Structures are given as structure tokens and as C-alpha cells.
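Construct all of the structure, not just a fragment, from the sequences and the given hints.
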Amino acid sequence: MNYNDYRSQYGGSIEVIGGVLYDTVAYVSAASVALTYFTVVRNNLALSNIELAGTFPSPKAFLIRSVSCKIMQRAFSSARAAAGQVQPGAIDNIAQLVNTGVFEFTIGSKRYIHMPLWMMPGGSSAQGVAAGDGDVADPGEIQDWATNGKPDTRNVRTLSKPIFIGPQVNFVGVITWPAAITLAGGVNVNVQIRFEGDQLRPVQ
Amino acid sequence: MRQLRQYAQYQTQYPGKEVIDAALWDTVLYTSAATVALTFFNALRATIDLSNMRAAGQLPAGESFMIRAIRVFFKGRPESTATAAAGAVQPDAIDDIAQLVDSGVLQLNIGQKDYGIYPLYLLAAGGGPYGGIAVENILVAGAAASYGQNGDPHIYNTFTLSVPILIKSQINFNCVLTWPAALTLIRNVNIQVVLDGDLIRSIQ
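Chains A and B, in that order, give the protein sequences. Residue 1 is where the first sequence starts when you use the numbering used here, and the numbers rise one by one after that. Residue 1 is where the second sequence starts when you use the numbering used here, and the numbers rise one by one after that.
Accuracy of the hints is not assured; some may be wrong.
Stated by the list, open to error - Simulated pairs of lysine to aspartate or glutamate, EDC-like, Cα-Cα distance not exceeding 16 Å:
1. A:K161 <-> B:E18
2. A:K110 <-> B:E63
3. B:K17 <-> B:D198
4. A:K161 <-> B:D198
5. A:K110 <-> B:E18
6. A:K161 <-> A:E196
7. B:K168 <-> B:E63
8. B:K17 <-> B:E63
Calculated from the structure, these hints are not laboratory results. Since we're looking at a predicted model, the values are computed, not measured.
Rendered as C-alpha cells:
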């Protein structure tokens, strides 16, 4: 039998397409001090497009050209804090998460990305304005919205030297904080890590 | 010689160097009404969100760093403040940043020589929260809510050196921020200096 007559991949060739690799984990208010990425198949494309936990099936591979951290913060209404106090809300959620969060990405046994979250803006996102109508008695309320960096598709951390993840090589991303953060209203937010680059896959 | 060759069988580092996109960061607290100078990269800090230096004031043997950009990030949070009287300065989170960058100066020192003296407002963070905030309130004593950062949080908004600067391994370096007089802020703030560029390290 000539198996070559029935093949589904041709000549061992690889094609390259522009690709995105992402994974999402919820930050749990007042609890999380570390979030781990790419080690679990989520079975939900809104959360992740990883096919295998922590690796690529052979012969697939990925060249990372940029890295982003998108924080899925929704617009928020909060009681206004007393004068002289920190003001909780959407902006404060983002500020707290990026002020002390640090991302680390390991391939095999070696770290290849290590930087504060504020240096990895999320790229495009919702952008808007906020206004109050002034009918709430003192101390009043505030409404705010926020993103990790200006929501612009060009606003992503492009690596000065791309990083290649070969097939069947373990990789993992971890965000750590030195202490758990209490988010506005105790509402958890999803934090997504996204790599953009080149996806390598077999010719079919 | 025979003995040296025997040790080579057990090496953990291999010929050549690899280069990765990287950042060196350090964080020091500005104390309101007290601080006139802060020194960065001269000490090890307790947690990774504060600094990733592994030796005080220098890079370990086998590592060097090419500085391509210098960035300064303020780890502030949104603040609720009382409205100032008409005709007076409004103390708030934005005013804190304005004061710090308007009179702050950064000096980069390598070995015995300075390699740049920059007004702080030039060294935009190029990242951080971005959003909008509105106060809803029947004014009694007046209310304001504010958040500030060093420049537009867009990664294009960074001060890129026209000529990169190489810090070789085991050479002393630091950054010093100075102000001509102590500033009175609404709150003490952690200031993070980031040297953004390429890390050159051993192949392992």
C-alpha cells in the first residue's frame, strides 16, 4: 500500500501565517497573587486558543513578535471616597494591577520575557468618556473606565528580538503580585496575555 | 589542561551569547516634603515588582545590557480630593505628577562618568492606566477625582536614545533623580525607573 497516496500533509512543508496566541485567567479580588497562563486548555475561544496544555503539537510552532496584557475592565460606578483618600474604581483597578504585577514567560527551563505589566499595554480596546449628572448627595459617586495603556492597536510591546517556540517545547507564562489586590466592589476581572507573531503549521 | 577539559564535560554555559528583549527596573519611594534625591539600581529590593536587579549597582558576570530607552513610571492611584478655592493650585494626583516631572532631573552614571542628564518630563512612561473619570455630586464642600501618569500611556511615547548605551558586566552604574527642593504631594509615591533594551546573556 502506498501511504503517500492518502496523506493529509505534503512534503513535510510548513506554511506561515500571521497568528495570535492568547490565554485568559480571572484575577480574584483580595485573593490572587499569581496567575498562570498557557498550561490549561480552556475549551472556550473567548478565553484561549491553546490546543494543547503548555506546548504546541508537532510540527506547529510560533514566533512571538509582541506581547500584550489586556485587562477586561468594564465601566464602573463607585461611591466617591472621602477627600484625601484613594478613589476605588476602574482606573484604580488597572493602576493597582499594573503597578505591582510582573509577567514572566519561560520556554523550556529558561526565562525569555520578564517585565512589569504596565510595560505590556493591551492594544486596542473600548474607549469612551464618562460624565456625571450631579444629582447624588454628598459625597456623591464617580463613574470611570480604564484600560491598560491607550487603546490603540499599535500600542503593544514589540520585542526587539522575536522569540521562537518550537514544537513540543514546554512554555508557561506567570503574572505575580507581591500581595493580593482588592478590586473595586470586589468584582473580579479577567486578565489576558496575548502574543502576536507568526504561526507555523503543516501544508495541507 | 587535562583536568580543565574534564570539567568541560559538565558545563552549564555554552559558547556564544543570546540576545533578548528586556528591561531593567528599580523602584524607590518619593517621600512628600522630604525627598530631594533618589538613587536607583544601587540596591537589591525585597520583591520583583520593585526591582529585577540581581546584584547591587552592576550586572552579573556574563551579562550585559544595551539601553535603548529610559522610562519613568509613577505607581500612583486615583485620588479623591477637596476642590481648591478658585484661583488656587488644585492639589491632586495630576498636580503631584506635574510637580515631580517639572523640576526633576535624571542622571545616568556608568563607571565614573555620566551618560546623560535629562529633565524628568522627557522620560515618559509610555504605559499605565488610561481612562476617563466623572464625579456625580451635589456639591457641598466640593469634590474632585483624579489620576495622573508621566505622559500618554502609549508605547510610542518613550524617550528612545539616539545612540544606545551598552552596560558591560560587572561595571558600576546607577540612575539618580534630583529635585532642587522637596515637593509637597498629596501622597508619597513609588517612582520606577526602567532601562529598556536588550539583555545579552550566556547560552544555556
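Verification of the hints:
1. A:K161 <-> B:E18: 10 Å, holds
2. A:K110 <-> B:E63: 15 Å, holds
3. B:K17 <-> B:D198: Roughly 12 Å separates the two Cα atoms, so the pair holds.
4. A:K161 <-> B:D198: 8 Å, holds
5. A:K110 <-> B:E18: 12 Å, holds
6. A:K161 <-> A:E196: 13 Å, holds
7. B:K168 <-> B:E63: 7 Å, holds
8. B:K17 <-> B:E63: The hint holds at about 9 Å.
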